[in-house]
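For the protein sequence lines, the chains are S and P, in the order given.
For the first sequence, this note's numbering gives the first residue as 641, with consecutive numbering after it.
For the second sequence, this note's numbering gives the first residue as 389, with consecutive numbering after it.
Some hints here could point you the wrong way.
Unchecked claim - Incomplete in silico selection of chain S near chain P, CB under 8 angstroms:
#1 Gln1046
#2 Leu1053
#3 Met1055
#4 His1063
#5 Val1064
As the list claims (entries may be wrong) - Which chain P residues stay away from chain S? Per the calculated CB distances, all over 10 angstroms, these:
#6 Ala511
#7 Met598
#8 Arg629
If you are wondering where the hints come from, they were derived from the structure by calculation, not from laboratory data.
For glycine and all other residues, C-beta sits at the position ideal for the given N, C-alpha and C.
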Amino acid sequence: MCYETTPMNNARRCPLISAVFWFAFLLLASGSRAVVAAETLEVIRSRGELLWGADAEGGAPYVYPDPTRPEQLIGFEVELADALAAQLGVKARMVQNQWDQLVPALERGNFDLILNGLEITPENLQRITFARPYYAYAQQIVARVGATNLTKLADLRGRPVGVLSGTAAQRLVEAFGGVDVRIYPGNVENFQDMKAGRIEAAVLDLPIALFYVREDPEFQLAGEPFAPGYYGIGVREADKTLLAALDEAISRLITDGTLERILRKYGIWDARQASLKNYQAEAVAKRARISTLREWPKYLPLLLRGAVTTVQLSVLGMALAMVTGLLIVLVRLYAVAPFRWLAQAYVEFIRGTPLLIQLFLIYYGLPELGIRLNPFLAGVIGLGLNYAANEAENYRAGIQAIPPGQMEAALALGMSRGQALRHVVLPQALRLVIPPVTNDFIAMFKDSSIVSVITMVELTKVYGMLAMSTYDYIGLGLMTAGIYFALSYPASLLAGWLERKLRYDRR
Amino acid sequence: MIAVEQLVKSYGATRVLHGIDHTQQRGEAVVLIGPSGCGKSTFLRCLNQLELADSGSITVAGVTITGGHPPRTGEARERQRQLRLKTGMVFQQFNLFPHLTALQNITTAPVVVKQLPAAEAEARGRALLAKVGLANKADAYPAQLSGGQQQRVAIARALAMEPEVMLFDEPTSALDPELRDEVLRVMRQLVEEGMTMIVVTHEMQFARDMADRVLFFDGGRVAESGAPDELFGNPRNERTREFLKRVATK
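In isolation and in its complexed conformation, chain S is listed as follows (with noise of 0.2 angstroms):
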């Protein structure tokens, strides 16, 4: 079985150009949400392939890379899906995509349907239709092993606790109340963080759960399970067709006891799965399409309280780049040679490697060294070391381009290296900085939306939740792209009004 990369994945790394995006796509698309125009059965049948929407990341016991064989996924949803698929006369394949887009990716024909673990719920079925469960799940509290006073969701107010982004338990703690809940884009990241001691406990789906403490002795299972609830296929609501053939198809699976088979090889049956036999479809009733842009009062102080976040990280993260930056360049430009050396290979390791891998060293890594940031304060240093080694270099850029006999005037009046610097050469290369570090700065305020991989709920990161619970891409984007606007905007102004004030060339 082989998988592939959907453009969403690259959209969750620019979130703005997702909005924007959507924007267009949607505009396109007219209105109409399912674009899809043939029947998918028949499409499938003459492809020859069923193509399945998941996210591999983390997906244990879902679908996951073996860890033997890496280029091999493994799953219970992998062998039920090359199940249904053998039920439908096709081969199934697996299309990788990010797991809270996989709505929207399935609305947009990326693929047929969506198996990996989707809740059926009120929300999820506005949007698209399930066939018949195959799972039935519930909640459970995973800890480390030794917190025995962790058995129930009440136990957990006033502690942070893990979710993941967009699950049913993320919904379920954050309307319980009174917890601090901890928002993990994928599983590892959350037990890492509970292994490091920034959250005591997690909530999550129990075949996570399952698999997660049978692997690592260090946690448990604390209390019972609760909230149970189904995972369904979800398709297009068009697809009438494929959803029979799809529900006559689990079934039968059911009833040869194919899937109780597949169940207990990944040890996640148990005895709620009888339920699935005499599944009974609850009607939901369908809710006019939320207008977030018409609603505007309940959903943007949500945005503007991210905003905040996204506000102090940037600005708080520039500081950091901007004074590490002049130290560095100074280093680079002026100290003896391994110091020197030390500045250039700081600045091209840096620039080298991405962002977002630098972030997981900070926060995931150093706690094995015995350094535990908050995310705050990681997403702070991330950001401020990452950019000052641009800075660094806007810097060099800026002191280079003033002629050498300015420095050899400064000298040539007695002035040590340092005065000189500091009296006739940074003056002058400051004004010359000054695009290139805003360009920086506002290129921060973008940026910064990735420290919500490590739980930070900033701009972004609110724009994603809300979108995902609203399904209102549009409004939420516009307002979304207005706050950053409102924001950088002022910033490109006062870096201009800066320039013109350092003028000195003028006759």
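Mind docking chain P on chain S? Use the hints.
Chain P alone, transformed into the frame defined by chain S:
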């Protein structure tokens, strides 16, 4: 006042100064002439350590530096700075600080280096601007001044540090002919006041009128030296004659 012994300087494999010896009395004005690339500017820049000689020694107003290597210790750096404090330098390209006004160009170094009180530095700066004929340009930025005015500010800037020796590196070469006189006038005034000076220049008239001694540089050596009447009127060296003829017909 100035004593240079066996000064040698190379750029890579090219030797530009072949062991220069030079002594100069207080109040003496010496003019260096010679074809381009003969080493006269390099010699001048070695004197205030903008270029580091390979070997030889330089003494200016009692401060001696022996060539060979860049200053490594704090003490060596301090001696280099002391030597620079004894000398003032005027550059071909002026090298005024463009972000400072004419007055600030003059006052910055005395305040920063000599910790002169700002008011005192300003009073002295204004006096120096008056001396070079630019009393009304104190608040002008360099970009607002003509080349000749900029060079006069540069001279005032160097004088503000009260150097014992003034070095001029082709001070009028970057100027249009009609602007040269205003700079030369200031330099003449300095000679008359008894300033010890070394001037690298192509202004033969200035050399004739004002120099106590003229050195003709050729190929990194002092090919001929003497009083201006002597050197211009009756050059002994063949290369000097050729050079003077070329300059005269230009």
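Structure-based check of all given hints:
1. Gln1046: Because about 6 angstroms separates Gln1046 of chain S from the closest Cβ in chain P, which is inside the 8 angstroms limit, the hint holds.
2. Leu1053: It holds, given that the least Cβ distance between Leu1053 of chain S and chain P is near 4 angstroms, below 8 angstroms.
3. Met1055: Since chain P brings a Cβ to about 6 angstroms from Met1055 of chain S, closer than 8 angstroms, the hint holds.
4. His1063: 6 angstroms, holds
5. Val1064: 6 angstroms, holds
6. Ala511: 19 angstroms, holds
7. Met598: 23 angstroms, holds
8. Arg629: Given a closest Cβ separation of 35 angstroms, the condition holds.
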